[in-house]
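Those protein sequence lines, which keep their order, are chains C and Y.
Heads up: the first sequence begins at 1 in the working numbering, then just goes up one per residue.
Heads up: the second sequence begins at 1 in the working numbering, then just goes up one per residue.
Keep in mind that the hints were calculated from the coordinates and are not lab data.
Hints may be right or wrong, so weigh each one.
Said to hold, decoys possible - Heads up, simulated DSS-like pairs for lysine-lysine below, C-alpha to C-alpha not over 25 Å straight-line:
no., chain 1, residue 1, chain 2, residue 2
1, Y, Lys208, Y, Lys502
2, Y, Lys19, C, Lys402
3, Y, Lys39, Y, Lys19
4, Y, Lys207, Y, Lys179
5, Y, Lys179, Y, Lys208
6, Y, Lys39, Y, Lys26
7, C, Lys8, Y, Lys434
8, C, Lys395, Y, Lys19
9, Y, Lys39, C, Lys8
10, Y, Lys199, Y, Lys179
11, Y, Lys39, C, Lys395
12, Y, Lys502, Y, Lys207
13, Y, Lys39, Y, Lys434
14, Y, Lys179, Y, Lys502
15, C, Lys395, Y, Lys26
16, Y, Lys297, Y, Lys349
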Amino acid sequence: MDLRLTAKAAATDAERAAVDEVLGLPPSQWEGGARRARDAHVALGGQAARGRRHLLITVLHAVQEAVGWISPGALDYIAERLTVPPAEGYGVASFYALFRTQPTPGAVVHVCDDLACQVAGAEELCAEMTRRFGREGTEAALNGTGVTWQRSPCLGQCDRGSAALIQQAGAARPRRDLAPVTPDAVWQALTGGESPAPVPLGVLVPQLSRPQLGRVSLLRRLAHVDPASLGSYRAAGGYEMLRRAIALGPQGVIREVRDAKLMGRGGAAFPTHIKWDAVAANPVRPHYVICNADESEPGTFKDRVLMEHDPYALVEALTVMGYACGAEQGYIYIRGEYPTAERALAHAVAQARAYGFLGPAVMGEAFAFDIEVRRGAGAYIAGEETALINSLEGKRAEPRNKPPFPAQSGLFGQPTAVNNVETLLSVLEILRVGGPAFASVGTEASTGTRLFCLSGCVAVPGLYEYDFGVTLRDVIDGAGGVAGGRPLQAVLLGGAAGVFVGPDALDMPLTFEGVRAAGATLGSGVVMVLDDTVAVPSLLRRITRFFRDESCGQCVPCRVGTVRQEELVARLADGSPLGSVATELSLLSDIGHVARDASICGLGQTALSAVESAVKLGLIGRG
Amino acid sequence: MWGSNAREAHPIFFHHVLKGIRNGAKMYAVDPRLSSTAKWADAWLGIHVGSDISLANAIAGEIIQAGLVHEEFIRRATDGFEEYKAFVADYTLARAERDSGVPAALIRQLAHDYARADRAQICWTLGITEHHNAADNVLALINLSLLTGHVGRYGSGLVPLRGQNNVQGGGDMGAIPNKLTGFQDIELDADARMRFGAKYGVPIHPKKGMHLSQMFDAMERGELTCAYVIGENPMTSEADTHHTRKMLEGLDCLVVQDIVMTDTAAVADVVLPGTASWCESEGTVTNSERRVQRVRKAIEPPEGARDDIWIIGELARRLGYDWGNPTAEDLWEELRELSPMHRGMSYEKLERLGGIQWPCPDEESEGTMFLHARLWEEDPAKRGAPAPFHLTVQEDPLDALTSEYPIRLTTGRRLDSYNTGAASNLYSPPLRRKATLDLAPEDAARLGLAEDAIARVTSRRGSVTAPVHVDRTLREGLAFMTLHFPDQVETNILTLDTWDPKSGTAEFKATAIRVEQATREEAAAYRQRMTDPEVVP
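Given the sequences, and given the hints that come with them, work out the whole structure.
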């Protein structure tokens with residue numbers, strides 16, 4: 001391996017210890033260990049060493065959490081251990097927002113200023129943070145507080161109105177999520193004071209206070225299970241669906257999913273059974289299954305609530321998926337901003353393994369399956385399934401060209417199926433009630449239920465579940481209507497990659513076909529309500545900044561187009577168009593066309609849809 | 001990869017190796033140093049210099065003992081297996097571990113992986129051939145391929161990597177003392193002699209010429225008094241520079257034809273400026289895989305330089321023979337007439353197919369991807385003579401380690417430089433380091449030599465001074481130098497010019513040296529040398 005190690009200082013003991021914690025002690029001087037007699041005549045490495053490349057991000061996390069940044073010395077040591085060129089390691093470390101490649105003393109507080117928090121007053125919070133901890137990004141050493149704070153894209157706590165993620169190297173809990181957040185709460189968390197009481201489940205999921213849920217419901221267990229107890233999950237019917245799946249056989253499971261007409265809930269609405277069948281039928285082995293828990297679409301928090309409060313369900317559902325697809329290894333890729341959910345999942349996986357629900361003979365059957373929880377490191381694009389696969393392989397989360405699709409060549413080039421959390425939990429419901437019964441819920445083309453993340457100017461924000469077929473009006477009314485009874489200005493459906501709809505769209509049924517007919521999207525189930533006081537242009541500026549930040553930079557139309565869009569929206573919002581508003585709008589439409597036609601992934605293809613819909617509604621760019 | 005640092009010495013070839021590795025191929029590296037090639041390997045076997053035969057024989061013994069031989073292939077296509085089997089039985093894994101330093105378990109693993117592989121190749125370079133028993137080293141590796149049938153089949157084989165883009169072509173064209181063009185034996189092949197004689201109008205005598213090492217011996221005896229050197233720099237590339245200089249300077253007449261003013265040209269009576277074969281002249285080159293490719297003239301040579309064909313033709317004219325004014329293609333057509341293995345290669349076909357691997361005997365043939373396929377033929381007549389096993393005996397390097405000369409020096413190449421640097425030192429690539437004596441950390445510490453300290457290196461033939469580079473990839477007792485910068489450090493003053501009688505190659509890879517701190521005067525002289533713009537541009 002051609003490694004050019006160029007760091008001036010070697011890795012510190014703490015950095016080496018963090019790396020060795022993941023990879024084990026270096027077996028020879030050739031992998032960065034001490035020089036020993038045997039090394040004179042033997043060096044091993046090659047495919048075996050390169051085969052561990054996928055641990056790169058895991059190792060970077062370990063160093064980040066131990067010392068607070070990835071130093072050149074640490075990078076060299078990692079490079080030697082994994083035979084990854086340091087330049088490539090740096091390329092990965094610098095790709096992800098939660099890795100720092102500059103020394104950062106003290107704690108780093110990421111304060112969400114994304115859409116929902118923006119509506120709830122993130123600017124005031126940021127002003128308070130500045131008063132308390134100094135200017136954004138100012139190094140802790142300079143301001144004397146030991147706190148560096150910075151703005152962050154959506155942290156998935158949109159119903160809480162404000163949120164923060166704290167990174168504190170060397171602490172017992174090196175990452176913590178706080179919501180709602182105040183400067184005091186941050187200070188308390190960092191100085192070991194009382195943690196704020198957890199938000200009650202009934203507040204997170206307001207529907208739980210209502211007696212009856214529908215026939216099919218992903219939320220059905222929430223009030224009844226202790227997320228830390230496998231026994232409690234089993235008492236609530238847990239692992240009966242896996243038992244049923246094994247009775248049906250892999251093909252039987254896929255048949256039920258097909259009969260249920262389940263469509264993926266991640267945003268693309270692709271029929272789930274087609275993916276599963278393609279992987280199951282692929283003669284190339286091994287197969288992999290992946291749960292996409294990289295929930296990063298601004299305004300979305302449903303998967304986080306489910307993973308925090310019903311983690312075993314996801315473990316069981318992924319096991320079912322592994323069984324149906326003929327995989328022996330599954331991965332849950334969870335975003336790095338969800339430490340609480342990650343802890344719940346890791347515990348659930350360990351418990352499931354301890355009790356034989358994962359391992360060489362799942363439930364005593366001739367079926368081996370295990371799950372590894374892998375953590376993202378702050379990249380919206382990692383939610384795109386091929387980008388996620390690259391990230392699992394320890395690379396920059398850059399989407400791949402398709403074809404080949406993951407079902408042909410996915411993780412490590414093997415047949416791979418990827419589904420998001422909500423889709424997988426729907427499979428459990430399908431097994432519980434049967435495919436046809438599941439299909440009878442909802443409409444002809446949109447079966448089952450849908451989770452909606454209500455945030456913004458709504459009386460009772462939170463996570464809601466409805467049978468497909470409800471209208472937008474039903475959903476907003478179900479959350480108590482517009483807060484304070486104010487007039488509705490617009491609703492953002494589907495998050496930053498979604499579209500704005502006006503009050504005239506309230507009777508639109510929230511089904512795949514219903515929103516498509518209206519030129520909208522359900523996306524990840526975001527319903528962000530905006531009353532007449534919300535300044536939509538500043539939201540649009542946040543959206544355009546978001547896409548500029550999160551474009552991975554591979555495709556020129558997206559890399560350049562998102563910057564051009566940001567500049568253009570800034571000009572429109574300031575009322576200083578270049579030329580006329582009409583020329584600006586025609587430029588916007590050009591950028592939109594090119595980005596849609598020539599980006600290889602959904603990010604570029606949807607990066608302009610929110611702004612374009614806002615223009616259509618006259619929320620910005622009126623002559 | 002056995003005795004080959006292809007990552008640095010054959011970067012183009014190695015880029016294909018890397019593709020194979022990316023596709024999952026496994027690679028073992030046998031090399032005294034953990035070279036940059038070995039760093040890509042799944043396992044590096046860091047042998048003691050010159051223990052190759054012991055290692056190869058032990059691998060064979062293990063393959064035989066484990067029942068992993070290709071019985072059918074051995075029965076049909078080889079000769080002498082029983083004797084070989086009995087012979088290698090003495091080369092146990094334990095003995096190989098003792099001789100080479102490599103743990104027996106790893107040797108065993110290599111034996112099993114090689115024998116069990118669906119396809120396997122052994123690639124080697126000068127680590128095998130720059131020894132006093134070079135031919136035996138090669139035969140020991142050939143034995144392994146015969147044992148396992150990893151020869152004569154697609155994807156398997158024996159791959160000696162050629163040093164330049166056209167070393168193979170030079171051999172093909174008759175620049176081998178006992179071969180006429182197309183590898184036709186000058187002593188044994190009467191028919192070929194007839195054909196060449198008829199074409200040239202002079203009788204061809206069944207008498208082979210001398211190879212380079214024999215020529216120097218002949219110079220020493222006073223039998224060879226005149227040399228015409230084309231595109232070669234023996235002054236610095238030959239072992240034992242003191243001796244070489246004496247021989248070349250003692251010639252009655254030395255003519256050098258080259259594109260740069262080499263150290264050899266500096267002592268020549270006549271220097272003929274030739275053209276750069278890759279851009280200033282027409283013709284063909286033949287690479288390691290026997291692929292003949294067209295070379296086209298792209299630019300005019302500088303003022304005064306002449307095409308090599310013209311120079312040789314003009315020389316003949318002055319000596320009284322008019323060969324006319326043949327073009328490169330005319331000469332190629334003559335070659336096709338005389339060399340059966342080139343017969344089917346017209347310029348047009350070479351161009352159309354983008355190069356052709358010989359043999360290409362007729363118009364229909366599109367060349368031959370790999371050799372020795374005959375060994376797999378069902379029909380004994382087509383199979384031809386069986387390939388013999390050779391009983392190769394382990395011999396230690398001639399330049400023995402003693403308490404007076406306790407360190408083993410081996411020489412090699414770096415990526416950014418080429419042999420004696422006659423051509424490559426005209427450029428200054430960003431990777432280039434000055435000439436150094438690379439020492440293991442243990443030796444450097446024991447000798448009190450820090451990085452960049454000036455050391456005196458002494459062998460039984462002479463001394464040089466060089467700055468020290470402490471290299472963690474070297475084991476205690478092993479030192480390394482390149483021969484790229486003879487102006488800075490004349491490495492070949494140290495090396496032994498005893499050569500293998502079968503191959504004619506000197507033992508560059510194994511020199512016994514002593515390392516000491518240089519005196520103040522020696523260090524000052526070295527530093528003075530390094531300020532000369534001729535030495536360090």
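Now the hints, each set against the structure:
{"no.": "1", "hint": "Lys208/Y - Lys502/Y", "verdict": "14 Å, holds"}
{"no.": "2", "hint": "Lys19/Y - Lys402/C", "verdict": "23 Å, holds"}
{"no.": "3", "hint": "Lys39/Y - Lys19/Y", "verdict": "15 Å, holds"}
{"no.": "4", "hint": "Lys207/Y - Lys179/Y", "verdict": "10 Å, holds"}
{"no.": "5", "hint": "Lys179/Y - Lys208/Y", "verdict": "8 Å, holds"}
{"no.": "6", "hint": "Lys39/Y - Lys26/Y", "verdict": "13 Å, holds"}
{"no.": "7", "hint": "Lys8/C - Lys434/Y", "verdict": "21 Å, holds"}
{"no.": "8", "hint": "Lys395/C - Lys19/Y", "verdict": "20 Å, holds"}
{"no.": "9", "hint": "Lys39/Y - Lys8/C", "verdict": "22 Å, holds"}
{"no.": "10", "hint": "Lys199/Y - Lys179/Y", "verdict": "17 Å, holds"}
{"no.": "11", "hint": "Lys39/Y - Lys395/C", "verdict": "22 Å, holds"}
{"no.": "12", "hint": "Lys502/Y - Lys207/Y", "verdict": "17 Å, holds"}
{"no.": "13", "hint": "Lys39/Y - Lys434/Y", "verdict": "23 Å, holds"}
{"no.": "14", "hint": "Lys179/Y - Lys502/Y", "verdict": "15 Å, holds"}
{"no.": "15", "hint": "Lys395/C - Lys26/Y", "verdict": "23 Å, holds"}
{"no.": "16", "hint": "Lys297/Y - Lys349/Y", "verdict": "18 Å, holds"}
Checked against the numbered hints above, the structure breaks none of them.
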